[in-house]
Each structure stands twice: as structure tokens, then as C-alpha cells.
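J.: Chains A and B are the protein sequences, given in the same order.
Here the first sequence stands for residues 32 to 288, where the numbers follow this note's numbering.
Here the second sequence stands for residues 117 to 330, where the numbers follow this note's numbering.
There's no promise every hint is true.
To be verified - Straight line, CA to CA, 30 angstroms or less: simulated DSS-like cross-link-like pairs of lysine-lysine:
hint: 1; chain 1: A; residue 1: 239; chain 2: A; residue 2: 98
hint: 2; chain 1: A; residue 1: 187; chain 2: B; residue 2: 291
hint: 3; chain 1: A; residue 1: 210; chain 2: A; residue 2: 239
hint: 4; chain 1: A; residue 1: 187; chain 2: B; residue 2: 298
hint: 5; chain 1: B; residue 1: 298; chain 2: A; residue 2: 184
hint: 6; chain 1: A; residue 1: 184; chain 2: B; residue 2: 120
hint: 7; chain 1: B; residue 1: 291; chain 2: A; residue 2: 210
hint: 8; chain 1: B; residue 1: 155; chain 2: B; residue 2: 291
hint: 9; chain 1: A; residue 1: 239; chain 2: A; residue 2: 265
As the list claims (entries may be wrong) - Just some of the chain B residues that point at chain A, by a computed CB distance under 10 angstroms:
hint: 10; residue: 126
hint: 11; residue: 167
hint: 12; residue: 169
hint: 13; residue: 186
hint: 14; residue: 192
hint: 15; residue: 196
hint: 16; residue: 211
hint: 17; residue: 250
hint: 18; residue: 254
hint: 19; residue: 255
hint: 20; residue: 301
hint: 21; residue: 304
Note that these hints are calculated values from the structure, not bench results.
Each residue gets a CB set at the ideal place from its N, CA and C atoms; glycine is no exception.
Chain by chain, the residues:
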Amino acid sequence: MDNSVNRLLHHLLDELQNISQSGNTPPNKANSDQYLLDSILSCYGLENLAYITTDPFSLESRDPIYKVTYSSEWQEFYLRTDAENHDPAVIYGLREIVPFEWRNVELYDPAQLAFLNVASDFGLGENGFSIPIRDRFGARALVSMTISLNDQKWEKYSRRYRSELVNIAYLLHERFSPKCNPSIEEKYIGEDLTAREIESLQWTALGKTSEETAIILGLSKRSVNFHVNNAKLKLDTVTRSHAVARASALGLILPVL
Amino acid sequence: MIVKINGNERSRYPELIDQMHVLRKEVFHERLKWDVEIKGDWEIDKFDDYDPLYLLSLDDAGYVRGALRLLPTTGPNMLRDIFHCLLPAGEIIESPVIWESSRFCVSLRDRDGNRSLSNLNTATAEIIAAMGEVGVLAGLSNIVTVYDHFLRRIISRAGCDETLVGGPVDIGGVKTYAGMFKVDEYDLEQFKLRWGLEGDLINHQEPRVIGAAA
């Protein structure tokens, strides 16, 4: 992989990590995904960035997954009308493998033409570029971007950044696709644990009772129980040992050897 | 002339697709005696179901005289799913910027049934150059391919540099290799010059109709 892309992406991911640890911003996956997309937008001077995946082979997950930077009005319209069924870029893109410009997609379906008319009312739809994705699980995805450049500048831009954008498209897929990233939900579990909750859990992990932990931390036994119970809830676990195991697996507390 | 056909376009070119599968049967089943799946007049396998990109070389009368299939190495592909024994144990090739080419074949005869080496050479050069153009368009660094010594000789005679990344391994009595080709715009231009290929090979098709959004 291109080193500059690596650096950029790692920088973004580090920053995401810092945000969720600082406690200033509510740690929330939706926010950090949006932050990642916005950062890529500003790094590459893009206007919009959109990720969509559908898994045509699985009946359970027929609803597509979206991550986009489009206006909320457009997103609302898109979701409400199941627009992926009429979006020519999506329909065409999921069977294509070469990155393509929207204006080169041939249109004959009236529903697709109607879709483009609406898109144009939202100020979208004319100039865009999509990168098709295929993964090892047989899933397909599409990363689309719009940028306001004239033809000549776009030509230059696209030559210079094509490989980087392809790499970024796949990194977004690795992050957003539930199959590539089965622990996608778990990863964010427990990020909202307070320092006290983590501390209490750490001593629990070392075999200390609530009384002992209370003495060590200079708290009341009731406070310790309160913190441990909160941790249990936040970790989506049912018992203390379950919570300890998960916190340890998530790297929130030091593993006990 | 090169025609590029993606998953969306397969149903729009039924004759060309038919001729391609017929040619593949002739080359892989009858001539090279590979262990391939035959359905009637066609050679066709499961990778044809994954919406690959085909590059077809047509003769002056518009008949398919050569073909090649491209698939991303991130999705289902032959090297990973079938020929993984070619690579050193535990190694895989999976990258957004590496694609796999397979089923490269060229007819040894012209339309009148006469053996024609020039047909072979022109079609080979045209397909290799078109593959390079697709590589540039897709932002690729490399294209990996699985081939036997016969195809290897054709490709190297066309003047195409490869790096051997696997093999030879005996697969069904055929000495099989995996080779990696670099995608490089300058090398591509030199290659096209050498073979007298002019202009864009894959984008010659007339500009398509733009949607009503404009």
C-alpha cells in the first residue's frame, strides 16, 4: 500500500482514538465514522463521500449500510424512498469493477432518470466518481465521491490520486462492513467507562472483594458496588466475572496473568 | 479492436460472450487439455458468475479472436480459491491495487480456418495493452496471473516483463506458474509503440448518453 495513504489513515485513526479517550466528545461510533469521512473530505478536497454496501447473498442483511456526508435532507429522502434501487451509480457500480465516472453510465430506466432529476434538485448527480469494492466474503460495496473541478483539473486530480482513493475506499469498507469487522459493535462497547469504574473492575479482576477494593480506593463499599454494576451494564455483561473477562479482552483493564 | 465488457454489459453482447466461451473451450479443453468445466460448446466456470471484466480482441470482421478475464484479488479469485498451492505456504495475494487475470486465450486460426501467427501476435499484444489500460484506470500497481509455460512463452515473447511469484507446480499434468506484472503508464506507452497500437484501446467506444440530470 502507498505509504502516504497509510500515514494519513493511521493519523486519522489515532485521532479517533484520542477523541474517544479524552471524554470531551461523547464516544459514539456514528460520530467517529462521520469524523473519519469528514477528515478524508478535507484531506482530498472532496465535496461529498458516500459508502454503501449491500449483501445480495444474504436475506437477513438486505438493508444496505450507508455512511455518507450528504446533507441530512438528501439522506432522509434517500432512506425514505429506498433510493438505492433507483440510484444508477449503485445499480451499475455493484456489477462493475473498474472505478467509473457517473456521467459515463448509460441510462435507460425511467425510474433511474427520475432519481437523477431529484438528485439534481438537491444539487447532486452530475459529476461523481465511484469505486466498486469486492471482498473475500463475496460482499460488494461502492464508495462514491463528488468534487467540484472542471474536466481538465479533474483529469489531473484523478491521475494523481486514483490509487490512493482506491486504497481509502477499501479501508472504509474494512471499517464499515459488518462482515469484515465482526466485532464492529463490541469495539465501541466499554469506551464510555469512567476511570473509577475501570479501577474498580481492575481490582475485582485481581480477586479483591468489594470491601477490599473500597479500602484500597478509599471509597465506601456501596460506591464500589455502584461502579462495578455500572461497568457491568456498560459492558453489556451479566456477572462480575463476565465483565472482567470482557474488559480484559477489550484492553480496558490489564489482563491478570 | 478491443471490447471491454463488465457485469452490467454481459447481456448486451450475447454473440461476443458466446464466441468467447466457445474459443475458451477450443483453447483450454481441446488444445491445452486443461482440466476445465465444459457445458455444451462452452468452457465456463464459477468465476464467470462473479461479474468479472472481460477484454475481447475482435478481428476485422468483428469476431472474437482473443479474450481475457479480470477479477480483483480482494474478492473471489482463482489464485486464492483454487491455485493457492502455487504460492508459498500461508502467503496470499489480496490487495485493492492488484487484480488477477485469467483465461487468457487467443485463436491460432483466422476466420477462414488458416493458421495465422500474425493473428496470434496482434491479438496478444492488443489484449496485453488493454489490460495495462484497465490497470491504469483502476489505479492498480500489479496484475497477477496463473498460467502454464505455453502462455508464459507467448506473453514474454510479446515483450511483457513478469516476476514469477509462484510455481512451477504440477496441476493436472500441467506445469503451472503464478506471475506478477507491473502496471506502469510509461511501459504501457512503450509497449503500444512497439506493436503499433494507437490511441486508447478500451475507451474508443463512442461516448455514452449522459443522464437527464444535466
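J.: For the restraint on residue 192(B), tell me whether the closest CB of chain A is nearer than 10 angstroms.
T.: At about 6 angstroms, which falls below the 10 angstroms cut-off, the nearest Cβ of chain A leaves the hint on residue 192(B) intact, so it holds.
J.: Does residue 167(B) meet its interface restraint, that is, does its C-beta lie within less than 10 angstroms of any C-beta in chain A?
T.: holds (5 angstroms)
J.: Hold the hint about residue 255(B) up to the distance rule: shortest CB distance to chain A must be less than 10 angstroms.
T.: With a closest approach of 4 angstroms, the residue 255(B) hint holds.
J.: At a threshold of 10 angstroms, is the proposed contact between residue 126(B) and chain A supported by beta-carbon distances?
T.: holds (9 angstroms)
J.: Given residue 301(B) as an interface hint, is its Cβ closer than 10 angstroms to any Cβ of chain A?
T.: holds (9 angstroms)
J.: Can the hint on residue 196(B) be confirmed by a CB-to-CB distance to chain A that is less than 10 angstroms?
T.: holds (8 angstroms)
J.: Within a Cα-Cα threshold of 30 angstroms, do residue 187(A) and residue 291(B) meet the stated pairing?
T.: violated (44 angstroms)
J.: Hold the hint about residue 186(B) up to the distance rule: shortest CB distance to chain A must be less than 10 angstroms.
T.: holds (7 angstroms)
J.: Does the nearest C-beta of chain A fall within a distance shorter than 10 angstroms of the C-beta of residue 211(B)?
T.: OK, holds: residue 211(B) within 10 angstroms of chain A, min 7 angstroms.
J.: Holds or violated: residue 239(A) with residue 98(A), Cα cutoff 30 angstroms?
T.: Violated: residue 239(A) and residue 98(A) sit about 44 angstroms apart, past 30 angstroms.
J.: Would the hint linking residue 155(B) and residue 291(B) be met if the CA-CA limit is 30 angstroms?
T.: Answer holds: residue 155(B) to residue 291(B) is near 25 angstroms, not above 30 angstroms.
J.: Take a quick look at whether residue 239(A) and residue 265(A) sit within 30 angstroms of each other, Cα to Cα.
T.: Holds - the C-alpha atoms of residue 265(A) and residue 239(A) are around 21 angstroms apart, at most 30 angstroms.
In summary, the numbered hints that this structure violates are 1, 2, 3, 7, 21.
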